[in-house]
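Number of protein chains: 2
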Amino acid sequence: MSNKEIPYKVYLSEDEIPKEWYNVRADMKNKPAPLIHPGTHKPLSVEEMEPIFCRELCEQELDNDTRLIPIPKEIQDFYKMYRPSPLVRAYCLEKKLDTPAHIYYKFEGNNTSGSHKLNSAIAQAYYAKNQGLKGVTTETGAGQWGTALSMACSYFDIDCKVYMVKVSYEQKPFRREVMRTYGADVTPSPSDTTNVGRQILKEFPGTTGSLGCAISEAVEAATSTEGYRYVLGSVLNQVLLHQSVIGVEAKKAFEKIGVKPDVIIGCAGGGSNLGGLISPFMGEKLRGEADYRIIAVEPASCPSLTRGKFVYDFCDTGHVTPLAKMYTLGSEFIPSANHAGGLRYHGMSPILSQLYHDGYMEARTAEQTSVFEAAEEFARVEGILPAPESSHAIRAAIDEALKCKETGEEKNILFGLTGTGYFDLVAYQKYNDGEMSDYIPTDEDLEAGFAKIPDTGDVQF
Amino acid sequence: MSNKEIPYKVYLSEDEIPKEWYNVRADMKNKPAPLIHPGTHKPLSVEEMEPIFCRELCEQELDNDTRLIPIPKEIQDFYKMYRPSPLVRAYCLEKKLDTPAHIYYKFEGNNTSGSHKLNSAIAQAYYAKNQGLKGVTTETGAGQWGTALSMACSYFDIDCKVYMVKVSYEQKPFRREVMRTYGADVTPSPSDTTNVGRQILKEFPGTTGSLGCAISEAVEAATSTEGYRYVLGSVLNQVLLHQSVIGVEAKKAFEKIGVKPDVIIGCAGGGSNLGGLISPFMGEKLRGEADYRIIAVEPASCPSLTRGKFVYDFCDTGHVTPLAKMYTLGSEFIPSANHAGGLRYHGMSPILSQLYHDGYMEARTAEQTSVFEAAEEFARVEGILPAPESSHAIRAAIDEALKCKETGEEKNILFGLTGTGYFDLVAYQKYNDGEMSDYIPTDEDLEAGFAKIPDTGDVQF
Chain A
2 MSNKEIPYKV
12 YLSEDEIPKE
22 WYNVRADMKN
32 KPAPLIHPGT
42 HKPLSVEEME
52 PIFCRELCEQ
62 ELDNDTRLIP
72 IPKEIQDFYK
82 MYRPSPLVRA
92 YCLEKKLDTP
102 AHIYYKFEGN
112 NTSGSHKLNS
122 AIAQAYYAKN
132 QGLKGVTTET
142 GAGQWGTALS
152 MACSYFDIDC
162 KVYMVKVSYE
172 QKPFRREVMR
182 TYGADVTPSP
192 SDTTNVGRQI
202 LKEFPGTTGS
212 LGCAISEAVE
222 AATSTEGYRY
232 VLGSVLNQVL
242 LHQSVIGVEA
252 KKAFEKIGVK
262 PDVIIGCAGG
272 GSNLGGLISP
282 FMGEKLRGEA
292 DYRIIAVEPA
302 SCPSLTRGKF
312 VYDFCDTGHV
322 TPLAKMYTLG
332 SEFIPSANHA
342 GGLRYHGMSP
352 ILSQLYHDGY
362 MEARTAEQTS
372 VFEAAEEFAR
382 VEGILPAPES
392 SHAIRAAIDE
402 ALKCKETGEE
412 KNILFGLTGT
422 GYFDLVAYQK
432 YNDGEMSDYI
442 PTDEDLEAGF
452 AKIPDTGDVQ
462 F
Chain B
2 MSNKEIPYKV
12 YLSEDEIPKE
22 WYNVRADMKN
32 KPAPLIHPGT
42 HKPLSVEEME
52 PIFCRELCEQ
62 ELDNDTRLIP
72 IPKEIQDFYK
82 MYRPSPLVRA
92 YCLEKKLDTP
102 AHIYYKFEGN
112 NTSGSHKLNS
122 AIAQAYYAKN
132 QGLKGVTTET
142 GAGQWGTALS
152 MACSYFDIDC
162 KVYMVKVSYE
172 QKPFRREVMR
182 TYGADVTPSP
192 SDTTNVGRQI
202 LKEFPGTTGS
212 LGCAISEAVE
222 AATSTEGYRY
232 VLGSVLNQVL
242 LHQSVIGVEA
252 KKAFEKIGVK
262 PDVIIGCAGG
272 GSNLGGLISP
282 FMGEKLRGEA
292 DYRIIAVEPA
302 SCPSLTRGKF
312 VYDFCDTGHV
322 TPLAKMYTLG
332 SEFIPSANHA
342 GGLRYHGMSP
352 ILSQLYHDGY
362 MEARTAEQTS
372 VFEAAEEFAR
382 VEGILPAPES
392 SHAIRAAIDE
402 ALKCKETGEE
412 KNILFGLTGT
422 GYFDLVAYQK
432 YNDGEMSDYI
442 PTDEDLEAGF
452 AKIPDTGDVQ
462 F
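Chains A and B supply the protein sequences, listed in that same order.
Residues 2 to 462 in our numbering are what the first sequence lists, from first letter to last.
Residues 2 to 462 in our numbering are what the second sequence lists, from first letter to last.
Simulated from the structure, these hints should not be mistaken for laboratory data.
Every residue, glycine too, gets a C-beta built ideally from N, C-alpha and C.
It is possible that part of the hints are untrue.
What the simulated footprint calls covered on chain A by chain B, stretch by stretch (three residues with Cβ under 8 Å from a Cβ of chain B suffice, anywhere in the stretch; the number is not a length) [claimed, not checked]:
| no. | stretch |
| --- | --- |
| 1 | 7-13 |
| 2 | 81-90 |
| 3 | 108-117 |
| 4 | 152-160 |
| 5 | 170-178 |
| 6 | 374-386 |
| 7 | 418-424 |
Calculated from the model, a selection of chain B residues having no Cβ within reach of chain A, i.e. all distances over 10 Å [to be verified]:
| no. | residue |
| --- | --- |
| 8 | P35 |
| 9 | P101 |
| 10 | S155 |
| 11 | E178 |
| 12 | V179 |
| 13 | K257 |
| 14 | V260 |
| 15 | A291 |
| 16 | V312 |
| 17 | G409 |
| 18 | A452 |
The calculated lysine-lysine pairs, modelled on BS3-like cross-linking and capped at a C-alpha distance of 27 Å, are [what the hints assert, rightly or not]:
| no. | chain 1 | residue 1 | chain 2 | residue 2 |
| --- | --- | --- | --- | --- |
| 19 | A | K261 | B | K81 |
| 20 | B | K20 | A | K97 |
| 21 | A | K10 | B | K257 |
| 22 | A | K96 | B | K253 |
| 23 | A | K74 | B | K97 |
| 24 | B | K97 | A | K20 |
| 25 | B | K20 | A | K257 |
| 26 | A | K10 | B | K253 |
| 27 | A | K81 | B | K81 |
| 28 | A | K20 | B | K10 |
| 29 | A | K96 | B | K261 |
| 30 | A | K412 | B | K97 |
| 31 | B | K257 | A | K20 |
| 32 | B | K261 | A | K81 |
| 33 | A | K81 | B | K257 |
| 34 | B | K96 | A | K81 |
| 35 | B | K96 | A | K20 |
| 36 | B | K74 | A | K257 |
| 37 | B | K74 | A | K10 |
| 38 | A | K96 | B | K404 |
| 39 | A | K257 | B | K81 |
| 40 | B | K20 | A | K96 |
Okay, chain A solo, but in the shape it has when bound (with noise of 0.2 Å):
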């Protein structure tokens, strides 16, 4: 297809939605590091993982061999209410650029949970309803994963109960609000439901709460209730297992016109979007059979990547959890006030964490004001008004296109957005008024964070 035919929207017919996700990890060389028990560091095993998670979602987090695993009819036809997601050609983008650069954007906002979160979340619904649970258990911080379990528990007509962390319980009612329309049980954490919270509350009797606090009530809750489990939305092999659905279809759209992308880039929090998008690429690239440059972008006020240690650490602040080998500031390192709350996570999906380790991939940080003026810059051509998180992506993106406006380079660049900001004007009203900061960790700052990551020896396996 030749470049003036390519159309603004590239959607795949329904019957191409992929009907396997892809497992990047059969074909990693260098597996990612198990899960280990925090007391005796042993790769936990499919029994000791089933109190806490749906069986079926432990075998997949520990399969590292099957490539394509099928995905249920049930949740195939989940996926035809939404999906296939648009691969948009950004035109209106380039031209305001005046780059030769070609911007490709895989868009997943297109839906009411407002992000690709939807596409882990009815997988996990499917299969607790599948096992006959009565109802799963989660956290939420900026609410985008929050609000699709919720979706995703309406559909299959199990109960949801989320742990939201109280200051955004308090400063973001209206996605509590939807949330509560799909009939969620939403409790803002710390709260005296849990033996945890109640700890919590008596030691900080003010506290607004945080993710690490509101995972460890939503695990208790899981463990302590008959019928149910714990699902999460990020950092977990099953979870970037899920979201390689975003990728195999932005693949094929490509195949369809022909193109291949040089560079592929996407936000990185716990890594479900990134590695969702990346994942066949990244296989080709793993396999040898074509070579693409991987940015992965993180906040300037969270830099796991670029600036946090590859070890085994919590995956909480209340140190319920088992230890996973990744990408991390520190389970107690508390990053500064971050409009991108889905950004502000410690550590780094292990997968994620072992490809940048084997130098498959690249990171770099954006500070918050550049995001929010790619943000702005994306929204007043492009027409969709990003999510704070996903702008990170913009802002490389765009950094990337304007190289290529010096070089002369005609790149074909692909850059995940992941979600639309409708529930993060306060942001870009703070943006707008000129009172955003940039507050990025002094070494000092970073060394708080790293004190307490656990000492697991030279554990290998």
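Go by the hints and put chain B onto chain A.
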């Protein structure tokens, strides 16, 4: 195409996006009555309208004869950013209702303005730009129209001045912020920036404003500023013309799957969405080529078609606009607080009014809580959180589908899903908390509205 082969979402290809708007007036035997001057009662000429509206739009307003009007290339390009919109088969809703009916909806909410309003906003902004104007003014209540116009003006790089009803300005800061992000100048109305605003503030110091007052300010701001014109998001013939893109696409999508709708349903405030959705179907009906049941659904709190009078009336409460012949509750009728802000208009599009008067369509009302009940039922299975306005159509579609369940009829039901409810969560919250009211105006309330309808005698054209 056999029933089971119909996909969840029927998308046209990009080159099937309409290249012409369809002007239903060309097929009407009884044309809509012309706008008249409130003093002389004479029909307005293009020359008389030009100080208020862009030239080309005046031509379109008065053109009762040209059936197909070419869509300029620049507008076609913008349409490609968010169109074609999907025609969705509501499989999950059908299953939930256990109905033999086939339910389809044309979804116009997949753009940042959140509604169909963008279809006309971009056209009006284009004609303003093309005429060499500096900018446009408008009013907005709920904010969908203001947001759409801000996006359109930003794209064509012209000024956008929005008078936003003060109570909305204060209660919907996020809508306001989206407009600002798109570079619009948003003023709470009434303001001290216009004579009419100052006059109203002097008379009613504590007023929180009204749509009628905001219209008056916007018109004054346009006519008193060099290089500006006023634009409007509904009611006018030109707006219905631009919105025909919805119906033309829907009809083409139905032809693609070999289905003919039996019943077509749309919510009706000023008529922009309903008029656009039904236009090509209505054309066939007017030409005697096909028959469709067409149903307008209005809020029980603002029942212009079902309880209004078909007479000449002002389009605004400040009485600075021409008179339009329409079903009206009187320009000073104040609907009770209803969360479907986009449907709180005292009048109705002259085109739709004439068609209703001539028996080509039905109208019914829906009470607010039953509308939100339908909204929530829809959201939980179809995944989209609908706008309160659109949910009036959902209510009627569900009711029709349930009738089919009783009779066993396999009717094809089409409704217009005009937009999303991300900025209407205060309303959802009220509904979820059981605090939503269902006030229906009494006959006395209506009499008060009718009291100030101007006496135009038996003016006929």
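Here is what the structure says about each hint:
no.: 1; hint: 7-13; result: holds (count 4)
no.: 2; hint: 81-90; result: holds (count 3)
no.: 3; hint: 108-117; result: holds (count 4)
no.: 4; hint: 152-160; result: holds (count 3)
no.: 5; hint: 170-178; result: holds (count 3)
no.: 6; hint: 374-386; result: holds (count 8)
no.: 7; hint: 418-424; result: holds (count 3)
no.: 8; hint: P35; result: 35 Å, holds
no.: 9; hint: P101; result: 20 Å, holds
no.: 10; hint: S155; result: 5 Å, violated
no.: 11; hint: E178; result: 4 Å, violated
no.: 12; hint: V179; result: 6 Å, violated
no.: 13; hint: K257; result: 12 Å, holds
no.: 14; hint: V260; result: 16 Å, holds
no.: 15; hint: A291; result: 28 Å, holds
no.: 16; hint: V312; result: 40 Å, holds
no.: 17; hint: G409; result: 25 Å, holds
no.: 18; hint: A452; result: 40 Å, holds
no.: 19; hint: A:K261 to B:K81; result: 23 Å, holds
no.: 20; hint: B:K20 to A:K97; result: 25 Å, holds
no.: 21; hint: A:K10 to B:K257; result: 20 Å, holds
no.: 22; hint: A:K96 to B:K253; result: 31 Å, violated
no.: 23; hint: A:K74 to B:K97; result: 18 Å, holds
no.: 24; hint: B:K97 to A:K20; result: 25 Å, holds
no.: 25; hint: B:K20 to A:K257; result: 25 Å, holds
no.: 26; hint: A:K10 to B:K253; result: 19 Å, holds
no.: 27; hint: A:K81 to B:K81; result: 22 Å, holds
no.: 28; hint: A:K20 to B:K10; result: 17 Å, holds
no.: 29; hint: A:K96 to B:K261; result: 41 Å, violated
no.: 30; hint: A:K412 to B:K97; result: 48 Å, violated
no.: 31; hint: B:K257 to A:K20; result: 25 Å, holds
no.: 32; hint: B:K261 to A:K81; result: 23 Å, holds
no.: 33; hint: A:K81 to B:K257; result: 19 Å, holds
no.: 34; hint: B:K96 to A:K81; result: 15 Å, holds
no.: 35; hint: B:K96 to A:K20; result: 23 Å, holds
no.: 36; hint: B:K74 to A:K257; result: 26 Å, holds
no.: 37; hint: B:K74 to A:K10; result: 17 Å, holds
no.: 38; hint: A:K96 to B:K404; result: 52 Å, violated
no.: 39; hint: A:K257 to B:K81; result: 19 Å, holds
no.: 40; hint: B:K20 to A:K96; result: 23 Å, holds
In summary, the numbered hints that this structure violates are 10, 11, 12, 22, 29, 30 and 38.
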